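**Q** Both chains are given apart, each in its own frame, so use the hints to dock them into the complex.
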Amino acid sequence: MKTYDLVVIGGGSGGLSAAISAYDEGVKNILVLEKEAYLGGILLQCIHNGFGLHTFKEELTGPEYADRFVKELIEREIEYKVNTFVTEIKKNDEDFTVIYSNQEEGFVLINAKTIITATGCSERTRGEISMQGDRPSGVMTAGMAQKYLNLEGYLVGKNVFILGSGDIGLIMARRMVLEGANVLGVAELMPYSNGLNRNIVQCLEDFNIPLYLSHTVKRVIGKDRLESVIIQQVDENLNFIEGTEIIFNCDTLLLSVGLIPNNPLLTSLGVLMHPKTKGPLVDEYLMTNVKGIFACGNSLHVHDLVDFVTNEGAICGKSAAKYLKGNLNTNNIININNGKGISYVLPKTMYLNNDTTFKLNFRVNKPYKDVELIIKQNDKIIKKLKKAYLIPAEMESVIILKKDVTSLDDIIVEVIE
Amino acid sequence: MKELICIVCPKGCHLKVDDNLNVTGNGCNRGITYAKDELTNPTRMVTSTVKVNGGKLSRVPVVTSKPVPKNKIMDVMEEINKVQVNAPIYIKDIIISNVLGLGVDIVATRSVL
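Protein chains in written order, with our numbering: chain A, 1 to 417; chain B, 418 to 530.
With the rest of the complex left out, here is chain B (with noise of 0.2 Å):
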């Protein structure tokens, strides 16, 4: 029996998985999903800023479309960091596309003019 706290929205439910993956104390569906894919293949949504040249703003925020491995967040922030954009950049442009082959794209989540 492992306890863990459901990650996937605010709420944060107290989950209890048995030893076959059974789940418990979760509010939503979406639990179920976590705690599974948590003891077996844990992934995180990353989320950092890209520098922009010639823009009203010097940095775009940016996430990442899908969750990447966990294993790969540190991987995936040095890709972030190599690269530099020129505005304009309108929110949802993709500004890395299939980042390290895991076929996750990094989006703008803001315009810069």
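Only chain A is shown next, with the shape it has when bound in the complex (with noise of 0.2 Å):
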């Protein structure tokens, strides 16, 4: 059985710059295995512009920022597999096998003595919203959408509602506006977008789209294919306000209700997963409670910008080369809480060792304007920050001196109004 130093599953932009910046740290002997045809993951089929500001401080696109990431990993002579699904990850007392399926090769085991997870997320559907109704056809998400028109040059439909405020959903009504569909608008249940504030403005306003805060879909109507949806305004405790209803004559309803981690390998490797993320707990090191299994990228917790993807993914592979090494110190570990305002914080436990900074990233619950970010101990203020806004669409990181932190006592991250 071959054994790899690190198996990085999944081939998408966390799991490229964890391989990479692993090999950069000296670990040479890696493979990276991607279940689709070829490396980039979600990126390929985002071919609209915007991404790379952070890293590259120039605006690619979705294939061009893939495609500098691959380079980066062929000229470094890394191992990887394409059209390769991971159906198991085994503990063992030193080390993990992992089994893998391809065509070529069959099923086939390997030892990793270190693993990545970066297996991004998943849309959710229809069936994990209540949606009253009929089941036509014409009713998708709008990932599945993108998927389609952008790779295979298929446009789903011709009159569109779309649901969900979400980036993807504000994308795709601009993306099938310019492909000559009529797009009729979008609904949010929330009172605010979820979507990035340009997004809002290229991608609606530009096109004059109507964005209806506060509605949700009441019904699907259609036999076969979709005929119309109605939709409805609800109040503050998303309940419908009788007498708003508005009908939409449309063929295709599509989806951008919230993207879910993937970790279909994690669980039952027992590991701990996150409430609120849906993906696992990790430490400062994004390492799971089960030692030398490391995260990162929409699979630890969704991201709002793939520059951030990719900074985790260099963190993660920082990690593991430490602790192949030996040199990962777990001791005088400290909890971080969620405190009044924050709906989660990530990372769960950091320790107070000799390394100098960490960095903390977490999201508000609500929109907020003129407010300041504590993080402390008991009464003791670490850093203070003042934000002129506060969105949930956007994750805030701040980087943490391990000076400032002086006792073992829990540190907590709260908006104070």
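In case anyone wonders, no lab produced these hints; they're calculated from the structure. In this text, all values refer to a predicted model and were calculated from it rather than measured experimentally. Think of the CB as a built atom: it goes at the ideal place given N, C-alpha and C, for glycine as much as any other residue.
Beta-carbon label-pair distances, calculated as ranges:
1. B:Pro459 / A:Pro275: 40 to 48 Å
2. A:Thr125 / B:Ala504: 30 to 38 Å
3. A:Gly26 / B:Gly442: 41 to 49 Å
4. B:Leu438 / A:Glu79: 50 to 58 Å
5. A:Tyr148 / B:Val500: 17 to 25 Å
6. A:Asp370 / B:Ala504: 48 to 56 Å
7. B:Asn470 / A:Asn83: 17 to 25 Å
8. A:Pro275 / B:Pro505: 44 to 52 Å
9. A:Ile99 / B:Asn488: 55 to 63 Å
10. A:Glu417 / B:Lys499: 49 to 57 Å
11. A:Pro367 / B:Pro505: 47 to 55 Å
12. A:Glu205 / B:Met494: 12 to 20 Å
13. A:Asn332 / B:Lys483: 48 to 56 Å
**A** Structure, rendered in structure tokens:
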């Protein structure tokens, strides 16, 4: 059986970055496994521009961004396999066994000293939100429509309504208009959009597509193909308000109603999951409770920008390298919790060791204006930041100096209004 | 006074522009340029795909080499939809040069072999 120092599961932005950074830290015996026919992950169907401003200081399209990392991987001669699906990870005394399958090799067992999972996320489907009415064709996720349109060249409908104002929904609203479809509107359950502000401007406002905040689909109507949807306004408790129905005659309903990290391999290994992010619980090194298993990218928690995934992948790769060298010091553990106004904090734990900094990521639970972000231990403030705007759609990241952490008490992140 | 959301990068700064085109609320200098352009000559990047014959993929993604005037977006799309290319196509290949005389090329963003 072949043995690798590091097996990276997933050849998208997280996995590529992790493999490259582990290699640069001295880990040369790496294998990257990708289930699709090409490396690059979801970036390949995100043909719009706006990627890479943080990483490259320029705006790239998704395929261009992916290409840069694929080239870096190939330059380093890091081994990878495409069209290869990992079916199981088993824990041994000292290492792990990874079982993968592909057409050329069949089922193959390999040993891995460490594993980085970067398996991305899935879109929530109609089945995951309660939506009343018929079950016609023409109801699908925005990402599925994006895959059909951008990779295959199929426009999935002519008259389109979109539920959910996540970025994929907004991007697809514009994309379908450009290809000749009529986008009638976007409904958002919450009183604010979940997409980036710039996407509201350049995808909806530019094309005069109305955004119905505090509205959701009440009923789906159609015998074989979708014929219409009824949307209705909701109150602050998300209950329907009588008399606010609007009917849209449309052949397509796209859903952009959230993303869920995809971690089918981890639960059977005994990896603990975060109730809010739906990804694994990790420490500051992005290591799960099963030592030697690391996670990054959208399978860890859903990111707004690929640049953040790239950064996280790099942290993950460095951590795996450190672990392999036996330099990962996990003594003096400190828990990190979300306080008032914060919906989740990642990582869940940090260590008071010789490293100088660690990175905290978190999201607020609703939009805030002119507030202070406080990171504290008991009454001692570690860091205080003034923020003009905070919205749930935008993840906040703060670098904490470990010398400012003076005790082993829980660290709390909170918003002060 | 006009309020704009900057679309230069995903940060989405809230800009305020007065009648003399003085910009405040910008996180970087690109916000100033954006606000002035947006109020005088708004432009956008356009991305789409072009049909490929004889390649491993049936579409190649493309982008404009520079932003195009906002009111020309649909005209540019029409030109993009007129063309077909033959594989191999390499990333950065020019698919249409100087589209509609705008001084902007349509460029491949992926290789299709």
